[in-house]
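Asker: Listed below are the residues making up each chain.
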Amino acid sequence: MALVLNDEQRMVKDSADGFFAEHAPVSQLRKLRDSKDPDGFDRGLWAKMAEMGFAGVAIPEQFGGAGLGMVAAGLIQEAIGRNLTISPFLSSAILSATAIARGGTEEQKAALLPKMASAELIVALAADEAARHQPNQVATKAEASGNGFKLTGAKPFVLDGHVADKLIVAARTSGADTDVAGITLFLVDPKAAGVSVKRRWMVDSRNAAEVTLDGVQVDGADMLGGLGEGFAILEAALDAGRACLAAEMLGVSAQSFDVTVDYLKQREQFGVKIGSFQALQHRAAHLFCEVELARSVTLKALTALDAGDERAPFFVALAKAKAGDVCKLATNEAVQMHGGIGMTDEYDIGFYMKRARAAAETFGDGAFHGDRLALMLNY
Amino acid sequence: MDETPELAAFRAETRAWLEANCPEEMRQPVTGDSDVCWGGRKWKFKSEAQKLWLDRMAARGWTVPEWPKAYGGGGLSKDEAKILAAEMRRIKARPPLSSFGIWMLGPALLKYGNEAQKLEHLPRIARGEVRWCQGYSEPGAGSDLAALRTSAILDGDEFVVNGQKVWTSYADRADWIFCLVRTDPAAPKHLGISFLLFDMESPGVTTSPIKLISGYSPFCQTFFDNVRVPKANLVGEPGKGWDIAKYLLTHEREMIGGMDMGSTGRDSMHQMAKKAIGTSKSGKLKDGLLRADIVRHEINAYAFGLTMERVKDEAKAGQGVGALSSMLKYYGTELNKERQELLMSIGGSDSLTWEGEDKRDGDPARTWLRSRANSIEGGTSEVQLNIIAKRVLQLPGA
Ligand SMILES: Cc1cc2nc3c(=O)[nH]c(=O)nc-3n(C[C@H](O)[C@H](O)[C@H](O)COP(=O)(O)OP(=O)(O)OC[C@H]3O[C@@H](n4cnc5c(N)ncnc54)[C@H](O)[C@@H]3O)c2cc1C
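Protein chains in written order, with numbering that gives the first Met the number 0: chain A, 0 to 378; chain B, 0 to 397.
If you're looking for bench data, these hints aren't it; they were derived computationally from the structure. Incorrect hints may have been included.
Listed next, the in silico EDC-like pairs over lysine to aspartate or glutamate satisfying Cα-Cα at most 20 Å (straight line) [to be verified]:
hint : chain 1 : residue 1 : chain 2 : residue 2
1    : B       : Lys315    : A       : Asp6
2    : B       : Lys311    : A       : Asp6
3    : B       : Lys389    : A       : Glu267
4    : B       : Lys283    : A       : Asp178
5    : A       : Lys12     : B       : Glu313
6    : B       : Lys280    : A       : Asp178
7    : B       : Lys389    : A       : Asp261
Here the structure is a predicted model, which means the values were calculated and not measured.
Sequences and hints are given; from them, build the entire structure.
Answerer: Now the structure itself:
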């Protein structure tokens, strides 16, 4: 597989770049934040994203999606990163859609995926329990009860949890707290008795909620995938999400880099453009290389996922680790090279730094994925 | 795999041919410089297998797979060349021939040479008959290469060359030199330079080796005292040598940048670490901090390898490498230096051996020391960053 975009992917890229710059620029994020918008995102925009085919990009055509795959999804999320667009794209269209497409029965897929592709239904993934990502750490219990289960536990960081119409909950049906076996996924109605959802206000103004489950009754038919076999589905969903996060971080890096290089060409001190100072030139040139590396690993991860390559998890870990580190570097350097104005709330660059930090932490940072990579290489 | 039937057939043929023709000895890891075949009139083959492998590959044009057949190449397409490289990696075949002729002069001659020059020099490079050295740097012209002063004055049908080059790698073992000379002292700095080829056995050429901190003496001071060179040996137009020089440098930089990614293999670092340090019950390397350093390094090494691949794929799709060669040179050499530092740490006191009974020239300490030159030779890291800042980012001059 060549590491270049094909014609179809170029078209997706062009339309995504144009769409998000026009319909969801950074000013939208600022407005949502400043107005403390109850949804935390623009439902009109989400509907438009469905019309464009973005919401269904990773959903198979037979279930109402565009079936374009992960490279296309990544290109969309890269544009999201450049514009810091808020939407349930990652939580619903990528994470949850992947979990359902991978683990769902034909009935579940037919009932959920088309509505997700058309933005009528938002599904959120309630998996993480540890503050530092550790997906096998699941203490939430699912105890047999009637012809189903009773769920009890807490999920402190559920992306888009407060606007979700449905939750995918990872719970333990057997085994110890960190066992990989014994995790089962359930589809849960957030309005069911015993579910409480509390919105969290995050540094990057993205939407997340704390979900608590107190003896929530679910049916056997609400199980997503086999009993105790949820981890493989969860990992597939997480890897899709991580690869898309890498793409988003690439967009965040590239945009803050471009803005910074422009600033270096405009701002004058000592009677010259600050971009003529070699100390800054070398840091910018180094950053250019780092962004190029992030681009390569991201494209490789997405390509490997599309190809069903057995090494895909390796490349996803590589991409999430590298793009995360680059993204933090790019935004930190951006703020530094802007000087005082970079520290102001009025100027946008700070938003990029906040998102970089959050995206890098989400679903495993460089240390998490570095460890994962080393273990895959047997050391 | 999405390979066309033609390419699949090419792969099968290539695989079979390599299996039948690559001597077993040429599938062993390279342990030092003497395992690398540089060719040339003075070359002494290390073994019969080394010669056989070169002759067989050269007969197919596969020492320079993508060069046209008319000039001793294999006439392969980029896709075919990629397959050949992959199939060679598969059986761990050593490159049959390594040389400045292949990496640097060849591409420059293909682009700027006239037909007579191509026919004279390229096939001899391809067959490993002539070894070339690079006469760029001078005592007063390093990073500021265009400040070079070696002069070439036309006298009838010949140029008369006078001056001094320095850091000329393998000048004492090379047969010919591609040399930057000043043909017009009155012209502005970059415009008076020409690109000249001549035989190192010409009267008036002398070399004297310089010893490096690694103990090797790969490079020399090179002196020219009234060396007479036929006018026909000037490549391109007089005064236009700087363009050729820069074009050649982009090839040199890609080569240096990618140097360590293929042959030694990036997996070997953690494997060596496991052997030297051992793993705990969890399967993790015992030294947690060193493990973290190795992981960070390997993440960057993979990311860089994929970037090389992407840049090549883009070049194939017509998107040009250009100033990106500076990125590859800068990042690749910095990574290789880091790699050698880590290998030294992994080896501990074992890696400090300088001389001993089982001394090989691939010893870690010498390799580590040699690697420090990677970010100097072919244009320093700082110069590469300058080029990226100026050409790619178009930042203003100071
Ligand atoms: C092992 C080895 C093999 C070599 N082989 C060859 C060969 O075969 N043929 C050949 O012609 N040459 C060869 N060279 C020479 C090499 O190309 C030069 O050493 C190199 O270009 C640097 O020049 P210099 O040594 O004069 O250092 P200088 O140019 O004097 O540099 C000294 C320091 O100043 C920095 N510096 C200089 N200018 C700038 C600037 N504008 N901005 C920021 N920093 C700057 C440099 O980065 C460096 O850190 C070889 C060198 C080595 C080490």
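Asker: With reference to the structure, classify each hint as holding or not holding.
Answerer: Hints, one by one, checked against the model:
1. In summary, the hint linking Lys315/B to Asp6/A is supported, as the alpha carbons are separated by about 15 Å, within the 20 Å threshold.
2. Proximity of Lys311/B to Asp6/A is assessed by CA-CA distance (about 18 Å); at most 20 Å being required, the pair is judged to hold.
3. The straight-line distance between the Cα atoms of Lys389/B and Glu267/A is roughly 18 Å, inside the 20 Å bound, and the hint therefore holds.
4. Straight-line distance between C-alpha atoms of Lys283/B and Asp178/A comes to about 19 Å, which keeps the hinted pair within the 20 Å bound.
5. At most 20 Å may separate the alpha-carbon atoms for a hinted pair to count; Lys12/A and Glu313/B meet this at roughly 17 Å.
6. Between Lys280/B and Asp178/A the alpha-carbon distance is near 17 Å, which keeps this suggested pair within the 20 Å criterion.
7. At roughly 14 Å between alpha-carbon atoms, Lys389/B and Asp261/A fall within 20 Å of each other, so this suggested pair holds.
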